[in-house]
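So the sequence lines, in the order shown, correspond to chains C and A. If you want the numbering used here, it's the position in the first sequence, counting the first as 1, plus 4. If you want the numbering used here, it's the position in the second sequence, counting the first as 1, plus 4.
Calculated directly from the structure, the hints in this document are not laboratory data. You can trust all of the hints, since none of them are fake.
Pairs of lysine-lysine residues, derived as PhoX-like cross-links and limited to a Cα-Cα distance of at most 20 Å, are as follows:
hint: 1; chain 1: C; residue 1: K228; chain 2: C; residue 2: K103
hint: 2; chain 1: A; residue 1: K157; chain 2: A; residue 2: K303
hint: 3; chain 1: C; residue 1: K231; chain 2: C; residue 2: K37
hint: 4; chain 1: C; residue 1: K276; chain 2: C; residue 2: K303
hint: 5; chain 1: A; residue 1: K272; chain 2: C; residue 2: K103
hint: 6; chain 1: A; residue 1: K106; chain 2: A; residue 2: K43
hint: 7; chain 1: A; residue 1: K266; chain 2: C; residue 2: K106
hint: 8; chain 1: C; residue 1: K266; chain 2: A; residue 2: K103
hint: 9; chain 1: A; residue 1: K252; chain 2: A; residue 2: K303
hint: 10; chain 1: C; residue 1: K276; chain 2: C; residue 2: K261
hint: 11; chain 1: A; residue 1: K103; chain 2: C; residue 2: K106
hint: 12; chain 1: C; residue 1: K228; chain 2: C; residue 2: K366
hint: 13; chain 1: A; residue 1: K228; chain 2: A; residue 2: K103
hint: 14; chain 1: C; residue 1: K308; chain 2: C; residue 2: K157
hint: 15; chain 1: C; residue 1: K103; chain 2: A; residue 2: K266
hint: 16; chain 1: A; residue 1: K106; chain 2: A; residue 2: K229
hint: 17; chain 1: A; residue 1: K106; chain 2: C; residue 2: K103
hint: 18; chain 1: A; residue 1: K103; chain 2: C; residue 2: K272
hint: 19; chain 1: A; residue 1: K231; chain 2: A; residue 2: K43
hint: 20; chain 1: A; residue 1: K103; chain 2: C; residue 2: K103
hint: 21; chain 1: A; residue 1: K303; chain 2: A; residue 2: K276
hint: 22; chain 1: A; residue 1: K37; chain 2: A; residue 2: K228
hint: 23; chain 1: C; residue 1: K276; chain 2: C; residue 2: K266
hint: 24; chain 1: C; residue 1: K303; chain 2: C; residue 2: K252
hint: 25; chain 1: A; residue 1: K266; chain 2: A; residue 2: K302
hint: 26; chain 1: A; residue 1: K249; chain 2: A; residue 2: K157
hint: 27; chain 1: A; residue 1: K106; chain 2: C; residue 2: K266
There are 2 protein chains.
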Amino acid sequence: MISVIGYYTTQFGELWEKSLSDLIEEAINGVLKNTGLDKREIDAIFFSNMLAGVLENNLHTPSKIAEILGVNIPIFRVEAACASGGVAFHLAKIYLESKSSKTVVVVGAEKMTDYSPEETTSALASAASGEEQEAGLTFPGLYAMMANYYLQKYLCTEEDLAYVSYKNHYHGSLNDKAHFRKIISVEKVLNSPYVAYPLKVLDCCSTSDGASAVILTNNNTITKKSKRFVNLLASEVATDTISLKERKRLDEVLTTKIASDKAFVAGKVNRKKINVAELHDCFSIAEVIAMEDLGFWKKGEGGKLIKELSTMHGSNSELIINTSGGLKASGHPVGATGIKQIGEIYLQLTGQASNRQVKNAKYGLAHNVGGSGGTAVVTILGC
Amino acid sequence: MISVIGYYTTQFGELWEKSLSDLIEEAINGVLKNTGLDKREIDAIFFSNMLAGVLENNLHTPSKIAEILGVNIPIFRVEAACASGGVAFHLAKIYLESKSSKTVVVVGAEKMTDYSPEETTSALASAASGEEQEAGLTFPGLYAMMANYYLQKYLCTEEDLAYVSYKNHYHGSLNDKAHFRKIISVEKVLNSPYVAYPLKVLDCCSTSDGASAVILTNNNTITKKSKRFVNLLASEVATDTISLKERKRLDEVLTTKIASDKAFVAGKVNRKKINVAELHDCFSIAEVIAMEDLGFWKKGEGGKLIKELSTMHGSNSELIINTSGGLKASGHPVGATGIKQIGEIYLQLTGQASNRQVKNAKYGLAHNVGGSGGTAVVTILGC
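Here chain C stands alone, though its shape is the one from the complex (with noise of 0.2 Å):
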């Protein structure tokens, strides 16, 4: 069985002070005192990040966490866009079930703060179709392709879609590493000026600085002594055309249907039994459309029941979601978050999620999104 046995983050946010190294550095130092590991019982290091070598001219940097730790062992950086830390995870957890014994520690990073607008709204666009950057779309706009033909086809309102940010941000309010913290009110989010119609600034996630980490060991002796450890059940990876014209249908994200029935078989979990998730609401029509791709709700309902607000901590009901704040309120800092979302889990499983914890909670679920639903990656923990 593989475990997750510990988790550090920094803080989300506009980090101006620290370098991608710093925050790298901060994560790895900070998830192996959480553990009590040293770094000589580390075998592997997963590292995910997307932007650093256009924003930075920063590549190999796996051999930039060798010189920071001081160690030669094998360290792989991975890449799928906003995709990359949930696919790293899965990566590391593959490297565990071809050996015995081994522990990693899966880092995701992301300095995005230092740059213009332009700069990072540009590169960030590098995870679209060449077709789709020379038409002059980003993320939003693509997003708002999929909230426009979503809200007319199942009759939805800019409303609807306004109690995710409302909702995430509420729970960001209680985590003290969110980039936001700040409560916020439908009003205000309806009031918020458009960025790509329907999409106003406040359904769009912020770029943000920060670093994650997580360590899975296969190693039962290390496992054991671990006070606090969650069995990861399932990770599954599915990819789609990148370019939205070539989709066929806009009202649905394939790779997380995929992605996601092919990890409920593998973890041999039902989906009803889900207490905690967190989503990829890198605009809120996302959050959405994955609740239904994942079964959580049916396809069409989620304009109607996200006002319901059963998913909101504090309610009654046996499934919340994005109680990091997601990434509308906890911040978008890309490489780190799909780590960040499976460490989000790993302290509610365990009990460690304070103010925000979901009582009697038992399986959570992290779901991952690169671009506009080009690759989706579904991580399934119980404890």
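Since the structure of chain C is already known, use the hints to place chain A on it.
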């Protein structure tokens, strides 16, 4: 047992009429055709590429490959600078070790010649440390420091190094996929202009476009159907400090030593049994140092031994090096190089290397390096 059952490479060169996607598509379809497999028989794809993000704002390539092929399988992008191909192959091996009866494509590609030399040089420098970049160091400069140290310490000459280029260009003349197919003399190397003393233009590999792909399987039915397969005996990755100033020695690349020592043990192969090897000769000095670090030659003897040309095709020696032409003459489309190296060994061990075939080649090794040695991958194949 994991086997390599097929290989395809595009032409290496200045391929201005082809995009990165074109090259990837040609390589994948080529290797599927060579093995008689259908894309539906492929369970995952590992893709290596270094520079598309920096040079053409092209990230999230897994979903772009999914779109080209019309598949929804897991596709992973791996980056470790010039070692990207070897590392992608290593992770593909790990993937197969974690599962039974699976078949994967490993494809590497790079587009480098559509950009100005300044753009490409700057992008390649992303594999060096930030401090080295800020000091104005590029890779010819970094390897020149290693060369100066080596030549002075072991009383070798620029002429000694020129024999690497002489040999590898001869090999390139035998490889119709090589970027440079012209035989050059030692004098021509010595008379070429300095790039960074003591390295001259003809001590340096080129920037090139190209894509290469291999298919790996642990599905015995597929292996048996394949007429030409070789066994994957070992693949090991090591990392080290990227900054030269942090290294204990400048006359060795520690990662090559660690990875090869582990690979010879894991593969249960004595290094004396290796008949053909593809070494990472990004600069002439790199092949000499690698011959020593791999244990084929004693430290400090490389300068004298290379002049004997025992490692050149046609010699009676039992170890021939860089029959593809190496990075020097075959060209160095970064993401493709590590795959082409393994592909060349596959061709040699299956008797498909035509006019550059090494007789009775039973064991082969590929050595792929990132940056100035911050990452090294050593792969051993046998038949």
